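Hey, can you work out the whole structure from these sequences and the hints?
There are 2 protein chains.
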Amino acid sequence: MKKLINDPNQVVEDMLAGMVAAHSNRMKRLPNTNVIVRKEAPIQGKVGLVSGGGSGHEPSHAGYVGKGMLDGAVCGEVFTSPTPDQIFEAIQAVDSGNGVLLIIKNYTGDIMNFEMAAEMAEAEGINVAKVVVNDDVAVEDSTYTTGRRGIAGTVFVHKIAGALAEKGATLKEVEAVAKKVVENVRSMGMALTPCTVPAAGKPGFELGENEIEIGMGIHGEPGIEKTQIQPADEIAQILLEKILDDLKLEENDKVAVMINGLGATPLMELYIMNKKVSEVLKDKNIYIHETFVGEFMTSLEMAGCSISLLKLDDQLIELLDEQADTIAFKK
Amino acid sequence: MKKLINDPNQVVEDMLAGMVAAHSNRMKRLPNTNVIVRKEAPIQGKVGLVSGGGSGHEPSHAGYVGKGMLDGAVCGEVFTSPTPDQIFEAIQAVDSGNGVLLIIKNYTGDIMNFEMAAEMAEAEGINVAKVVVNDDVAVEDSTYTTGRRGIAGTVFVHKIAGALAEKGATLKEVEAVAKKVVENVRSMGMALTPCTVPAAGKPGFELGENEIEIGMGIHGEPGIEKTQIQPADEIAQILLEKILDDLKLEENDKVAVMINGLGATPLMELYIMNKKVSEVLKDKNIYIHETFVGEFMTSLEMAGCSISLLKLDDQLIELLDEQADTIAFKK
Numbered sequence: 001m002k003k004l005i006n007d008p009n010q011v012v013e014d015m016l017a018g019m020v021a022a023h024s025n026r027m028k029r030l031p032n033t034n035v036i037v038r039k040e041a042p043i044q045g046k047v048g049l050v051s052g053g054g055s056g057h058e059p060s061h062a063g064y065v066g067k068g069m070l071d072g073a074v075c076g077e078v079f080t081s082p083t084p085d086q087i088f089e090a091i092q093a094v095d096s097g098n099g100v101l102l103i104i105k106n107y108t109g110d111i112m113n114f115e116m117a118a119e120m121a122e123a124e125g126i127n128v129a130k131v132v133v134n135d136d137v138a139v140e141d142s143t144y145t146t147g148r149r150g151i152a153g154t155v156f157v158h159k160i161a162g163a164l165a166e167k168g169a170t171l172k173e174v175e176a177v178a179k180k181v182v183e184n185v186r187s188m189g190m191a192l193t194p195c196t197v198p199a200a201g202k203p204g205f206e207l208g209e210n211e212i213e214i215g216m217g218i219h220g221e222p223g224i225e226k227t228q229i230q231p232a233d234e235i236a237q238i239l240l241e242k243i244l245d246d247l248k249l250e251e252n253d254k255v256a257v258m259i260n261g262l263g264a265t266p267l268m269e270l271y272i273m274n275k276k277v278s279e280v281l282k283d284k285n286i287y288i289h290e291t292f293v294g295e296f297m298t299s300l301e302m303a304g305c306s307i308s309l310l311k312l313d314d315q316l317i318e319l320l321d322e323q324a325d326t327i328a329f330k331k
Numbered sequence: 001m002k003k004l005i006n007d008p009n010q011v012v013e014d015m016l017a018g019m020v021a022a023h024s025n026r027m028k029r030l031p032n033t034n035v036i037v038r039k040e041a042p043i044q045g046k047v048g049l050v051s052g053g054g055s056g057h058e059p060s061h062a063g064y065v066g067k068g069m070l071d072g073a074v075c076g077e078v079f080t081s082p083t084p085d086q087i088f089e090a091i092q093a094v095d096s097g098n099g100v101l102l103i104i105k106n107y108t109g110d111i112m113n114f115e116m117a118a119e120m121a122e123a124e125g126i127n128v129a130k131v132v133v134n135d136d137v138a139v140e141d142s143t144y145t146t147g148r149r150g151i152a153g154t155v156f157v158h159k160i161a162g163a164l165a166e167k168g169a170t171l172k173e174v175e176a177v178a179k180k181v182v183e184n185v186r187s188m189g190m191a192l193t194p195c196t197v198p199a200a201g202k203p204g205f206e207l208g209e210n211e212i213e214i215g216m217g218i219h220g221e222p223g224i225e226k227t228q229i230q231p232a233d234e235i236a237q238i239l240l241e242k243i244l245d246d247l248k249l250e251e252n253d254k255v256a257v258m259i260n261g262l263g264a265t266p267l268m269e270l271y272i273m274n275k276k277v278s279e280v281l282k283d284k285n286i287y288i289h290e291t292f293v294g295e296f297m298t299s300l301e302m303a304g305c306s307i308s309l310l311k312l313d314d315q316l317i318e319l320l321d322e323q324a325d326t327i328a329f330k331k
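If you read the protein sequences in the order shown, they are chains A and B. The numbering of the first sequence is the UniProt record's numbering, which starts it at 1 and goes up by one. The numbering of the second sequence is the UniProt record's numbering, which starts it at 1 and goes up by one.
Just so you know, the hints here were simulated from the structure itself, not pulled from any lab data. It should be emphasised that the depicted structure is a prediction, and the values quoted were computed from it without experimental measurement. Glycine included, every Cβ here is placed at the ideal spot set by N, Cα and C. Hints are supplied without guarantee of correctness; some may be wrong.
To be verified - If the Cβ cut is set under 10 Å, some of the chain A residues that face chain B in the computed set are:
id	residue
1	Ala22
2	Glu234
3	Ile238
4	Pro266
5	Ser278
Claimed, not checked - Covered stretches of chain B (chain A as the covering partner; in silico rule of three or more C-beta atoms under 8 Å from a C-beta of chain A):
id	region
6	50 to 64
7	111 to 119
What the hints assert, rightly or not - Derived pair list, reagent style DSSO-like, types lysine-lysine, alpha-carbon separation capped at 30 Å:
id	chain 1	residue 1	chain 2	residue 2
8	A	Lys311	A	Lys254
9	A	Lys282	B	Lys28
10	B	Lys331	A	Lys67
11	A	Lys254	A	Lys172
12	B	Lys39	A	Lys330
13	A	Lys2	A	Lys130
14	A	Lys167	A	Lys180
15	B	Lys282	B	Lys167
16	A	Lys39	A	Lys202
17	A	Lys242	B	Lys2
18	B	Lys254	B	Lys179
19	B	Lys248	B	Lys180
20	A	Lys39	A	Lys167
21	A	Lys311	B	Lys226
22	B	Lys331	A	Lys28
23	A	Lys331	A	Lys67
24	B	Lys248	B	Lys179
25	A	Lys180	A	Lys282
26	B	Lys28	A	Lys330
27	A	Lys311	A	Lys172
28	A	Lys254	B	Lys179
29	B	Lys254	B	Lys282
30	B	Lys330	A	Lys282
31	A	Lys282	B	Lys39
32	B	Lys331	A	Lys39
33	B	Lys254	A	Lys67
34	A	Lys330	B	Lys226
35	B	Lys311	A	Lys28
36	A	Lys202	B	Lys254
37	B	Lys67	B	Lys179
38	B	Lys67	A	Lys282
39	A	Lys167	B	Lys67
40	A	Lys2	B	Lys226
What follows is the structure, given as structure tokens:
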């Protein structure tokens, strides 16, 4: 295992120290926690947005803490849910009396811990709403999940719910638009290589020299099939077909596209994937409002990508277009 | 070789098609070229900025085409200088009569081809100035270079010269500030793994299971030494020491820091590197004005990173802080 780390058991600690050192003008770390919040939190008159999950998916989620997106991110150990007490601290730190929305990726541990934290917060008189993101169409039920997994589409939930919260909407309104995004976003990924959790010291699974896996989860959960490497155009079509089957887009529908790198995929290859994605959508007369290409939700140094499509209506377009000013997402 | 590509000889073509499809609201591709320019080029009353070089370093340089940075980027084949005719087309497309600054990384092929293009442009009556970036302190002279190589520090040249050009400065003024950045920026990198040029099909060099290379170039040019993997803190100190030796910073000097991933390095590891970098600079009473962490100049799927320091004065701070709106760099 060759990694730029010090102690495999200290990677989250060291990362957060380096992140806060880099961005102390934007964010702060709550003392004795792995919680990152906006420097000015809590923001008066605004619903607070909190997300989080296991680390190793950077820039998710701390990279999205800032104006127009999240108020707080709770960083668990690598690929491990954050604990309820830390989530509770995040909720308390961002609540200005207008309530807090929790944006949770659908993993059993995350659901359980965020729900416990919500109960703790409610006992303290804080209004809490929850939205569970389950955008990954690859498989129903998975290693750590009942139902579909939550992956890169979560970033659209941060963006759109964050934009509405920034305008001063109520908790109910912010929750409703977050749920609308969840209903309209679908993703699917594939891997060229596995990744190694530092504390484990060896890859979470194996892929042969010319083998890829279609439909992999962001923690290396099994996908649909292992197959020989294929041209990017064919891989793009496989992923897109399953997304389109599920999202049931019609001619003249509008979408946002996200081509997400899993950590070790050159930007060149993500753009090559986008070539086919844009062609297929154009052929189907689906209008692409905006395309995001980059690393949004990664799996350490896994090579591979995911594609996300978000079906847009006028409200979602307006909110997607609003300003955002975070480390990893600026508009 | 497992890559998300179609034909190894078509990767630049496919990438540019996917890039323009994603960002057609911002950029256009000049017909029958690998030249990307701002959608609104040429911009009246403004000095044009053109950079470029071999592809495989994305987001360099097309990712920096936009408001406050470049007007045009010329994309060569992978790790191969763009041809003079294409550079000439870029110059013509961005010149509004106020002249064009070429920002060239110090590689023999790039220098030769950009100089030929400059001569072609001057023969057509276009004023051209050139700045050569040689920020890499690792080695004097290298595989493709006489003198020091140009690497990630180039992005600071794009940013600062671009900001001054946007304000309507003259070609002489923009050239002068670009040269000031070159005089004040130093970088050094290291690699954990090699990368594979698609058309070659195999890695450009070898590293053992626990071996790293200090001072590597962004095309895999040899560095200072191959050594066993060390803790991130020690690697950060090795790179930083050589940079600081050369840059001769004093107490209370101000710097901008860039921690640049080479393609396959998780953001987590870049932040872990930044932890030590920020500590060392703080210990020396050097003030960090801003820290940039991410992928700015990559080497395909090479794992590793580079550190860049830019010594700042009031003018450079003002220009660094100005707005920029490109795919890969927004302020």
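Results of checking the hints against the structure:
no.: 1; hint: Ala22; verdict: holds (4 Å)
no.: 2; hint: Glu234; verdict: holds (9 Å)
no.: 3; hint: Ile238; verdict: violated (12 Å)
no.: 4; hint: Pro266; verdict: holds (5 Å)
no.: 5; hint: Ser278; verdict: holds (4 Å)
no.: 6; hint: 50 to 64; verdict: holds (count 5)
no.: 7; hint: 111 to 119; verdict: violated (count 0)
no.: 8; hint: A:Lys311 - A:Lys254; verdict: holds (6 Å)
no.: 9; hint: A:Lys282 - B:Lys28; verdict: holds (18 Å)
no.: 10; hint: B:Lys331 - A:Lys67; verdict: holds (13 Å)
no.: 11; hint: A:Lys254 - A:Lys172; verdict: holds (26 Å)
no.: 12; hint: B:Lys39 - A:Lys330; verdict: holds (20 Å)
no.: 13; hint: A:Lys2 - A:Lys130; verdict: violated (38 Å)
no.: 14; hint: A:Lys167 - A:Lys180; verdict: holds (17 Å)
no.: 15; hint: B:Lys282 - B:Lys167; verdict: violated (33 Å)
no.: 16; hint: A:Lys39 - A:Lys202; verdict: violated (37 Å)
no.: 17; hint: A:Lys242 - B:Lys2; verdict: holds (23 Å)
no.: 18; hint: B:Lys254 - B:Lys179; verdict: holds (18 Å)
no.: 19; hint: B:Lys248 - B:Lys180; verdict: holds (15 Å)
no.: 20; hint: A:Lys39 - A:Lys167; verdict: holds (19 Å)
no.: 21; hint: A:Lys311 - B:Lys226; verdict: violated (50 Å)
no.: 22; hint: B:Lys331 - A:Lys28; verdict: holds (20 Å)
no.: 23; hint: A:Lys331 - A:Lys67; verdict: holds (10 Å)
no.: 24; hint: B:Lys248 - B:Lys179; verdict: holds (18 Å)
no.: 25; hint: A:Lys180 - A:Lys282; verdict: holds (24 Å)
no.: 26; hint: B:Lys28 - A:Lys330; verdict: holds (22 Å)
no.: 27; hint: A:Lys311 - A:Lys172; verdict: holds (22 Å)
no.: 28; hint: A:Lys254 - B:Lys179; verdict: violated (46 Å)
no.: 29; hint: B:Lys254 - B:Lys282; verdict: holds (11 Å)
no.: 30; hint: B:Lys330 - A:Lys282; verdict: holds (28 Å)
no.: 31; hint: A:Lys282 - B:Lys39; verdict: holds (21 Å)
no.: 32; hint: B:Lys331 - A:Lys39; verdict: holds (18 Å)
no.: 33; hint: B:Lys254 - A:Lys67; verdict: holds (27 Å)
no.: 34; hint: A:Lys330 - B:Lys226; verdict: violated (38 Å)
no.: 35; hint: B:Lys311 - A:Lys28; verdict: holds (26 Å)
no.: 36; hint: A:Lys202 - B:Lys254; verdict: violated (41 Å)
no.: 37; hint: B:Lys67 - B:Lys179; verdict: holds (21 Å)
no.: 38; hint: B:Lys67 - A:Lys282; verdict: holds (28 Å)
no.: 39; hint: A:Lys167 - B:Lys67; verdict: holds (27 Å)
no.: 40; hint: A:Lys2 - B:Lys226; verdict: holds (14 Å)
In this structure, the earlier hints numbered 3, 7, 13, 15, 16, 21, 28, 34, 36 are contradicted, and the remaining ones agree with it.
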